[in-house]
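Since the structure of chain F is provided, determine the placement of chain E on it from the hints.
2 protein chains.
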Amino acid sequence: FSTQSESLLAAQKMGNIDTSHFMAEPITDLNKLEVNPDDMKTKMELLIMRIQKEFCEALEQEDGGKFLIDRWSRHDPKEGGGISCVLQDSATFEKAGVNITVMTAPLSKQLQASMRARGKELPEDKQFTFFAAGISSVIHPRNPHVPTIHFNYRYFEMQDEDGNNKHWWFGGGTDLTPYYLVEEDVRHFHSVLKSACDPHHPDYYPNYKKWCDDYFFVKFRGERRGVGGIFFDDLEANDSSKVYAFVKDCAEAVVPSYIPLVKKHKNDPVSDAERRWQLLRRGRYVEFNLVYDRGTKFGFATPNARIESILMSLPLHARWEYMHQPEPGSPEYKITEVLKNPKDWI
Amino acid sequence: FSTQSESLLAAQKMGNIDTSHFMAEPITDLNKLEVNPDDMKTKMELLIMRIQKEFCEALEQEDGGKFLIDRWSRHDPKEGGGISCVLQDSATFEKAGVNITVMTAPLSKQLQASMRARGKELPEDKQFTFFAAGISSVIHPRNPHVPTIHFNYRYFEMQDEDGNNKHWWFGGGTDLTPYYLVEEDVRHFHSVLKSACDPHHPDYYPNYKKWCDDYFFVKFRGERRGVGGIFFDDLEANDSSKVYAFVKDCAEAVVPSYIPLVKKHKNDPVSDAERRWQLLRRGRYVEFNLVYDRGTKFGFATPNARIESILMSLPLHARWEYMHQPEPGSPEYKITEVLKNPKDWI
Chain F
1 FSTQSESLLA
11 AQKMGNIDTS
21 HFMAEPITDL
31 NKLEVNPDDM
41 KTKMELLIMR
51 IQKEFCEALE
61 QEDGGKFLID
71 RWSRHDPKEG
81 GGISCVLQDS
91 ATFEKAGVNI
101 TVMTAPLSKQ
111 LQASMRARGK
121 ELPEDKQFTF
131 FAAGISSVIH
141 PRNPHVPTIH
151 FNYRYFEMQD
161 EDGNNKHWWF
171 GGGTDLTPYY
181 LVEEDVRHFH
191 SVLKSACDPH
201 HPDYYPNYKK
211 WCDDYFFVKF
221 RGERRGVGGI
231 FFDDLEANDS
241 SKVYAFVKDC
251 AEAVVPSYIP
261 LVKKHKNDPV
271 SDAERRWQLL
281 RRGRYVEFNL
291 VYDRGTKFGF
301 ATPNARIESI
311 LMSLPLHARW
321 EYMHQPEPGS
331 PEYKITEVLK
341 NPKDWI
Chain E
1 FSTQSESLLA
11 AQKMGNIDTS
21 HFMAEPITDL
31 NKLEVNPDDM
41 KTKMELLIMR
51 IQKEFCEALE
61 QEDGGKFLID
71 RWSRHDPKEG
81 GGISCVLQDS
91 ATFEKAGVNI
101 TVMTAPLSKQ
111 LQASMRARGK
121 ELPEDKQFTF
131 FAAGISSVIH
141 PRNPHVPTIH
151 FNYRYFEMQD
161 EDGNNKHWWF
171 GGGTDLTPYY
181 LVEEDVRHFH
191 SVLKSACDPH
201 HPDYYPNYKK
211 WCDDYFFVKF
221 RGERRGVGGI
231 FFDDLEANDS
241 SKVYAFVKDC
251 AEAVVPSYIP
261 LVKKHKNDPV
271 SDAERRWQLL
281 RRGRYVEFNL
291 VYDRGTKFGF
301 ATPNARIESI
311 LMSLPLHARW
321 EYMHQPEPGS
331 PEYKITEVLK
341 NPKDWI
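Those protein sequences? They're chains F and E, same order as listed.
Take 1 as the starting number for the first sequence in the working numbering and just add one per residue.
Take 1 as the starting number for the second sequence in the working numbering and just add one per residue.
Bear in mind the hints are in silico, worked out from the structure with no lab data behind them.
Keep in mind that a hint or two might mislead.
Put simply, identical chains are the same to the list, so a pair is met inside one copy or across any two.
[Stated by the list, open to error] Taking lysine-lysine and the DSSO-like style, the derived pairs with C-alpha atoms no more than 27 Å apart in a straight line are:
| hint | residue 1 | residue 2 |
| --- | --- | --- |
| 1 | Lys78 | Lys219 |
| 2 | Lys297 | Lys109 |
| 3 | Lys340 | Lys297 |
| 4 | Lys126 | Lys194 |
| 5 | Lys242 | Lys32 |
| 6 | Lys340 | Lys166 |
| 7 | Lys120 | Lys41 |
| 8 | Lys264 | Lys242 |
| 9 | Lys219 | Lys297 |
| 10 | Lys78 | Lys43 |
| 11 | Lys266 | Lys166 |
| 12 | Lys32 | Lys248 |
| 13 | Lys32 | Lys264 |
| 14 | Lys263 | Lys32 |
| 15 | Lys126 | Lys297 |
| 16 | Lys343 | Lys263 |
| 17 | Lys266 | Lys43 |
| 18 | Lys166 | Lys41 |
| 19 | Lys210 | Lys32 |
Same shape as in the complex, but just chain F (with noise of 0.2 Å):
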């Protein structure tokens, strides 16, 4: 028996993975993921991948398009690739995108010297490889009353070349950027968030809330991203299935937070002045992410980083105008309000 027919008997014994619930095969070999299946670097990739599918048939329920599927491979196949899935310029979503991806590469010395800023303990005579796991997605609206959602979950593990120093933590958060304000829409996001948090420990959802509100501060204008969500970062325990698990529920938690105020707005009436607001409103989107987004940074340092992927959170359009202000008092000027002074939802 060769090495290649052996793993494909114990595939078939440990029963086949059923890639039709993807919008592609996984990056990594079907024959790796089957003969692995307890390794949590197959657990994440297969949740993200199955993550991947049921947020885009979510979406192309409420949009009536498909998405556009684009499986790619970094420069070196070796050193994996990703699946984009975009939905562009359709008829409930200006710009949807949904990437997952897989990857085993070298560390550079940049990265390197950034992650033991954030208390990784990493000699500095060796040479480290990282896998990374994740699953980004922003979802821009063509209706200003249909706020952008974001989320990302992310699975790390990192080793040097003996094969020592090893270091694994999970990552993400979901949050929120309405246009307008509708209190009870946000208190909805949020309870679906914790509910999802609280099972797990009951200081997840109040931790992770403030750690997004501090996040996706925007130093420069005084004021937040959104109305926040979960966020967290260096996740790590001595189970690491625990975290897992933790992880998985806020992955599932995105549908049935998001979904729903979809539906409620997608055919909301809209003014001019409105659509006018929704894209200077995408124009600080555009800032945080350029300027401040750990993720889009870690894109730019990553030599050979696939930067369609990476912007793909950037909405269609934006808009700046000089010195915009809301009018106080208007409904513009009331979200600006929360987002200058976040806010407790539930």
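Then chain E, alone, in the frame of chain F:
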């Protein structure tokens, strides 16, 4: 005689400054400017005030509209302020911003470190104050056949709390970002810049042309922002008046380098595809300005910076499409080839 009337007398002796040649009153008290006519701070402030007026008037003539003039002070008015002139959503120009700033402020620790990294000798145990006077402008025309222009000329002075460790330098540049390549226009633009440089030193144009190509490089796109021009920083010499004379000639070259291109193309016919291409390229402009631009980063790092005057450089509209690729051989393709491989135009 009080000090006040003494300086008034002195001013009369020297001949008054005629503020009708400016968009607004200078930032520094007229009295102070009039009694220190040979101070480089005075000379630079009066130069940028005049250049602002001349450029705005030339643009108004092509547009028919009038600039909004916004004279503002820093949070602490003793630190100076600026004059932001904006023409927005007008006939020829979608967004034209011409800004001058004159400020004296303590140098933040962050900026002190970045100055040190650029080779300035600043003792760690001293607190520094800096003076900056500069003009900065970005013009986004409506017609995609008219290029976008940017220029910036600035003078810095710095000294520690005891008046020691003095530094001064000039920086600046003018560069062009066409949406469609008309080689004759690019040659005209570069020729005017070269004519401004050559009387000062034959190496200036070739050196600063190269510096410009290197500076306006978007690494993650592998392309330059435009077809270049000139760029220089940290320019000093034994005789500051020689550097000033060079900067003055560069600043005076802006109108003849650009206005003929506006006149020539402002009424060119425009297709929807051309407009869309212009908006996509404006997205790239936003990427450079938010991720790389040194002036913008300096602004982000300056406490209480006037963010609206800094981000005046952003276009009224921008667009991002996933994986947009111009068709090989098309006019859109032709310009991207030049952005990837900069040429000598003269």
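Against the structure, the hints:
For the homomeric pair Lys78 and Lys219, the shortest alpha-carbon distance between copies (24 Å) is at most 27 Å, but the shortest distance inside one copy (39 Å) is not. When the C-alpha separation of Lys297 and Lys109 is checked against a cutoff of 27 Å, the pair qualifies both within a copy, at 14 Å, and between copies, at 23 Å. Taking the shortest Cα distances, Lys340 and Lys297 sit within 27 Å of each other both inside one copy (24 Å) and across copies (22 Å). For a Cα distance limit of 27 Å, the shortest separation of Lys126 from Lys194 qualifies neither inside one copy, at 41 Å, nor across copies, at 50 Å.
For the identical chains of this complex, Lys242 and Lys32 are intra-copy neighbours only, at 24 Å inside a copy versus 69 Å across copies, given an alpha-carbon limit of 27 Å. For a Cα distance limit of 27 Å, the shortest separation of Lys340 from Lys166 qualifies neither inside one copy, at 40 Å, nor across copies, at 40 Å. For the homomeric pair Lys120 and Lys41, the shortest alpha-carbon distance inside one copy (20 Å) is at most 27 Å, but the shortest distance between copies (48 Å) is not. Taking CA atoms no more than 27 Å apart as the test, Lys264 paired with Lys242 passes in neither setting, with 35 Å inside one copy and 67 Å between copies.
Taking identical chains as interchangeable, the C-alpha atoms of Lys219 and Lys297 lie at most 27 Å apart whether they share a chain (17 Å) or sit on different chains (13 Å). Taking the closest pair of Cα atoms, Lys78 and Lys43 come within 27 Å of each other only inside a single copy of the chain (20 Å); across copies the shortest separation is 61 Å, beyond that limit. For a Cα distance limit of 27 Å, the shortest separation of Lys266 from Lys166 qualifies neither inside one copy, at 47 Å, nor across copies, at 61 Å. In this assembly of identical chains, the alpha carbons of Lys32 and Lys248 lie at most 27 Å apart only when taken from the same copy (22 Å versus 67 Å across copies).
Neither within a single protomer nor between protomers do Lys32 and Lys264 lie at most 27 Å apart by alpha-carbon distance, with minima of 43 Å and 63 Å respectively. Taking identical chains as interchangeable, the C-alpha atoms of Lys263 and Lys32 are never at most 27 Å apart, the minima being 40 Å within one chain and 64 Å between chains. Within a single copy, Lys126 and Lys297 get their C-alpha atoms as close as 23 Å, which meets the 27 Å cut-off; across copies the closest is 33 Å, which misses it. Within a single copy, Lys343 and Lys263 get their C-alpha atoms as close as 25 Å, which meets the 27 Å cut-off; across copies the closest is 52 Å, which misses it.
When the C-alpha separation of Lys266 and Lys43 is checked against a cutoff of 27 Å, the pair qualifies neither within a copy, at 35 Å, nor between copies, at 58 Å. Taking the closest pair of Cα atoms, Lys166 and Lys41 come within 27 Å of each other only inside a single copy of the chain (14 Å); across copies the shortest separation is 57 Å, beyond that limit. For a Cα distance limit of 27 Å, the shortest separation of Lys210 from Lys32 qualifies neither inside one copy, at 39 Å, nor across copies, at 50 Å.
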